[in-house]
Amino acid sequence: MKQYTHIDDIITSRAPLVQGLPKTVYPGVEAEGGCGVTGFACSIPVRGKHIFEPSRQMHNRGNGRGGGIAAMGFDPHMLGVSEAILEDDYILQIAALEEGVMDDLEARFIDPFLSVDFSERIPHVEDHRDIEGLEVRPPEVFRYFIRVKPEALQEFVSQNHLEGLSPRQAEDEFIYQNSFRINRTYYDATGSQKAFVLSHGRNFFILKIVGYAEQVVQYYKLDNFKAHIWIAHQRYPTKGRVWHPAGAHPFVGLNEALVHNGDFANYHAVAEYLRQKNLYPLFLTDTEVSALLFDLYSRTYGYPLECVIEALAPTMERDFDQLPEAKQGLYRAIQATHIHGSPDGPWFFIIARNDTQNRRLQLIGITDTAMLRPQVFALHEGQVQVGLICSEKQAIDATLKSLAAEDPRVGDVADRYWNARGGSHTDGGAFIFNLEESGAGPLERTLTCTDKFGREITGPADQIPYLPGRVYYLVDSEEKDRFDISEFFHLQRPDLLHDYVKAGIRAWDYADLMDCFKEIRGWASKGDAHFEVALSALTLLLDRRYPTYDKRRRSILQMLNHTLEVILRHFPSLSREDVKSTYRLVDWETRQFFRGPTHDEKVLIIDAALFPPEGDHCDSRLLAEAFHRGWRRFIVFGLKGQRFHGCGLGPDSGGVRIDIYGSSGDYLGSGMDGLSIHVHGDAQDQLGQIMKSGRMVVYGDVGQTFLYGAKGGEVYVMGNAAGRPLINAVGRPRVVINGTCLDYLGESFMAGDPYAGGGFVILNGIGFNDQGGVEPLPAPYPGSNLFSLASGGAVYVRDPHKTIDEQQLNGGEIVPMEERDWNLILPYLRENERLFEIRVETDLLQVNGEPRSPLTIYRKVRPGQAQAEEMEKDGLTEWTEG
Amino acid sequence: MSLSRDSKYKLPEGVRTPSRFRNAIGKYRLHRSGECIGCGKCAAVCPYGVHVIRRGRVRVENAYRCVGPDCPHPCYEVCPVQALTLRPNPDFEGLGDFRWPPELLASTWHMAEFSHMPPKGLNYKTGNSDGGFDKLRLKFPVPAPGSPDAPKTDEDMDVGVELNRRGDHAHRVRIEVPFYGGGMSYGSVSITTMLSRIRAAAALGTFCCTGEGGYPDELKPYDDHVITQVATGLFGVREETIQRVKIVEFKYAQGAKPGLGGHLLGEKVTPGVARMREAVVGYPLFSPFPFHSVYSVEDHKKHVDWIKAINPEALVSVKVSTPTDVDMVAVGSYYAGAHIIHLDGSYGGTGAAPDIAKKNIAMPIEYAVPKVHGFLTEEGVRDQITVIASGGIRTPHDVAKIIALGADGVCTGTADLVALECIRCHNCESGRGCARGIATTDPELMGLMDLDWGTQRIINMFLAWRRELIRILRRLGMKTLKELVGRTDCLVHLDYLESR
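Sequences listed follow chains R and Y, in order. Okay, so the first sequence: first residue is 1 according to the working numbering, each after it adds one. Okay, so the second sequence: first residue is 1 according to the working numbering, each after it adds one.
In short, the hints are calculated from the structure, not lab data. Fair warning: there could be bad hints in the mix.
Stretch by stretch, here's where chain R covers chain Y in the computed footprint (C-beta under 8 angstroms, at least three residues) [claimed, not checked]:
#1 19-25
#2 273-279
#3 288-296
#4 300-311
Covered stretches of chain R, as calculated for chain Y (at least 3 residues, CB under 8 angstroms) [as the list claims (entries may be wrong)]:
#5 98-108
#6 200-214
#7 264-272
#8 751-759
#9 794-800
Quick list of the computed label-pair ranges, beta carbon to beta carbon [to be verified]:
#10 Q865(R) <-> F289(Y): 53 to 59 angstroms
#11 A15(R) <-> F289(Y): 38 to 44 angstroms
#12 T377(Y) <-> E577(R): 51 to 57 angstroms
#13 P290(Y) <-> V136(R): 29 to 35 angstroms
Cβ atoms here follow ideal geometry from the backbone N, Cα and C, with glycine treated the same way.
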């Protein structure tokens, strides 16, 4: 009971803060949509420039009217303070928007109560106009390392009856309230704005401007400033001609900085809820409300993180039923108490948190229960550990690339990539990267990753990543020509070359492997025929899963990517008139020489590296133009999230093939009608939307709303699909997904009768272990909604243990597999086998090593007959004037 | 920015196109008793050809054209034997509803037949809904100011609208009349209805939207006048259909039922509809209420970029309903690269949208339009984007009012159907569909309407609208429709007359 009084005391003590504020929150909330969010945590402090590239690549998720970053976990020397001060003091950072306001502010809010251990005006570029595109002058920022004066704290405690709190808790509260007063005095969202508090927590700070996030790094000269955790936000506000830095993310509670992608439908309800707790948003965005909520739950209520997450993103429906009973009791209590404060609608938070109680730093990603915003997590294990959370995978790739360029201990491929399933019983929709103290001082921490329930996510054990600094000795017997690969080239057998390298990995060390790739590279430059062998073999190595023994897959992939890029860049560009080659290269610099193919030119290689991600000058527009000029084969590489590849080719694109290497972007192949696309790696969101015909193969995972509104085509996905795959698909799409999906697979699927040419999805529910072996997932489909409201087609699920139940179906029904079903899907599984080496007999038709009949292993879900009749009666009909 | 008018453009001719039913419905009934002596006086005085003399006998053949007591030469008064009695037509009163009262229906039918406003006897300006446009009146200066340099002929008055104001690489598109046809999908209306609307649009130098039910091949000859819709169900949307047209419309919501998806009943999914939408015959079809790939403004930008990747020259129109933050939606669409923001208010919708949605969700269009107009002006981008309003635009007076409130043009829907003799019976979705063969996919019912007849009816109605709009402009002393945009001072609201 005692603890409740403390909570009440804290809440009561805040009553004077909100006195005089209107009962309901000012209605003119600034509208903003989703935005670009990115963040990473690193076991060592790294420079600010590494947040620069991912931010820049997510320009198209913001509009340059609000950008911000937070940095957490510093090297004390970089800030000019001692380790103890950094550890114990609050860093109060104030943005001054008016000259001279600070004297008054210091006299009223700092000098009387706070002892300042160190203060400075933080340095910045002299003239903001020197930074390209930065139109609005960023605020002057003042930084104070402070503690509350003992007598001031004493008075605060006795005045508010906070004796029950620990001195630190009381001090935290004092700091919070003091900053609120500063904001109320100097900042009025709809009136005069002189200064505001950017952040006031320990061991982290926030900076924000009217501009893009990376301009914060430039303007405040953070390129070389080091921190363990960096988060950045590109804002996309749509209201008001004059924007204000105070409205940009991140927002602060006390010891956490929060960025947000999405927007709540219930901002006012949540604000109302906070009002009852004497909390009041002053900056008119739902993000501030989110930060206040988080702080309320974690600091005022003292909830453990799991409960904070549950209060924000409640576990619902079937997922709730799947929880252990004890957990259900706890969660039910949390939901009953806090459901009114639960943000509703699309949102995704990235939070940098100084968990002062447990002396660790955290990077947290939480996704909403309905999984409406895109998000990717990644873990990089090794001597330097990195945890990453981003809106798009390409931002993760950009971060790792930037880090790898500076520190060879970091690779440019992560060990694991995954999506969170919001509000679920499987992972809780949230992942936390913890930076624990390792005992080696503030500059060396240990990174661990857990989901909401505390289950740990680790990298592959017992495998060693490549370290460039390490010396690999050449054994005496090894000579220069130790790789006997010439015959593969003479015989034109890439498959044998692939087998040779695969077999070699076991005995070779990284140096051997590198030499082997170098050898292949050498052969590749000896003419088009040899190049083709090299390309096919390397691509197979990139695409397939195989045992890597003591080596990390990510290190091998890194080498492969590098080798491929070198080979592809080597081809003559279109600017050169003097050479003949079947393969021609075009890149940003030589795009002006762009032309149709001559009779002996067959393949256009597009180096996408410097192209913008969309618009009139993007490389996918160039590709479409090239198609219309007569090119039919394309290889696109060096991608950094460029979008729309394979769009705009129209219906006469049969026979066209596009191979995609690198971080492909959204809307890949959306609209494709005839062509075939091979994605060598993970694909992004909105893949194959409205696809009509053709073929797509993805050697990895696919993102949100995969094949939305598709009409046909054949698609093979080696890994998982995120949320909402195949919604509203009609016609005859035929799809194999080897992994699983987050949720909502095949909602409103309307693809006819599979026996009579209609469409279907095969969901295998398998994954790969760290040695490339096929392993069934714990459940092929954990989502609560499968094939809801579908009126045609079917889903075939590999579900030997009968885990799919009626509760997951809303209108669909599970029916026994028949022989003709198996005959229908087998050809697709055979093709799947050919593409991904996922063997029908040994990988799919065995359960615990025992062969079983396909009719008992696969289960069929089809539209319920009762449902079809029920829907006929529903009153809602499509209206016309529309 | 301003483009010279397309010199090739020529206004189509109005051709009288009477009702396709034997007994057209009129406001009055004239009864001729046995007393009639066949003197023919009635036929001689009637200005509207109600009476016809055939083989020495006089008959009432066109009673629907009778204007009743408003007639300057009432036949029943000149009849020497008092054989004629005038009575209101009881069938007439039962037609329509408050938004489309019988007089509005009858006057629209008149326009569709004669390409002119009805002469007398019918209120063709407003309905009886007691709100919305029915409470607004245009305020004309007395006497009409007149403009010395106003064009002499109606043909030279400019009521066209530029649709691409961004000045980007997309097509320069100008419509010659300030309206185009709103989306009605194949499946919800018959192919004849669809073609009639599109052919009329082509003749009038404007556009017509396909709705979300696909792009039937029959429309191909009119590609340059088609707007193809990309709606939440993505039915029938293919690269090919996007590449064919000059304007692509995103439908995020419909004013008649914002927040609700579509549902086409299984019965309406005939083999033709199923083929077009690539779905299963006899199974109901759903459109989700949101775009699953668009949950924010940056997703929306990506969505617009996608269409531009497929068809770089297409104009992008964004159709939204009217939530309270519609102004933000509009400016967000502008920054996302849209050329047209299309606000769909809640007065639209025929029988199919559920009442609970129609009457309770969105903001009335006459509030939304000035809000958006003002906000875009404040942002300094009003001249970069075209604002189109729709949802219950029934008459040229509605057009003038909404333009005075801040729109550049309008989209029509129900009015087109009324021109095809829709009687607003609200049974679009029941049974085999529309009993008048307009909103149906039943092959037999579809046969009730002839394509040329339908096309001409719609052309006639819009020619009448254009004439009336020009008359309004002249009375306001304006030369072009552009001058009227945002001129709220030209309007009065009946509820606030005293305070002015």
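Quick rundown of the hints versus the structure:
1. 19-25: Coverage by chain R is violated here, the residue count being 0 at a Cβ distance below 8 angstroms.
2. 273-279: holds (count 3)
3. 288-296: holds (count 5)
4. 300-311: n = 9 at 8 angstroms, threshold three: holds.
5. 98-108: That given contact is violated, which follows from only 0 residues of the region 98-108 of chain R lying within Cβ reach (below 8 angstroms) of chain Y.
6. 200-214: violated (count 0)
7. 264-272: As far as the region 264-272 of chain R goes, the hint is violated, because 0 residues have Cβ atoms under 8 angstroms from chain Y.
8. 751-759: holds (count 4)
9. 794-800: violated (count 0)
10. Q865(R) <-> F289(Y): 53 to 59 angstroms: violated, 26 angstroms
11. A15(R) <-> F289(Y): 38 to 44 angstroms: Taking Cβ atoms as reference, A15(R) and F289(Y) lie about 42 angstroms apart, which means the hint holds.
12. T377(Y) <-> E577(R): 51 to 57 angstroms: For T377(Y) and E577(R) the Cβ distance comes to about 54 angstroms; the hint holds.
13. P290(Y) <-> V136(R): 29 to 35 angstroms: Check passed, 34 angstroms falls within 29 to 35 angstroms.
Going through the hint list in order, the structure does not satisfy hints 1, 5, 6, 7, 9, 10.
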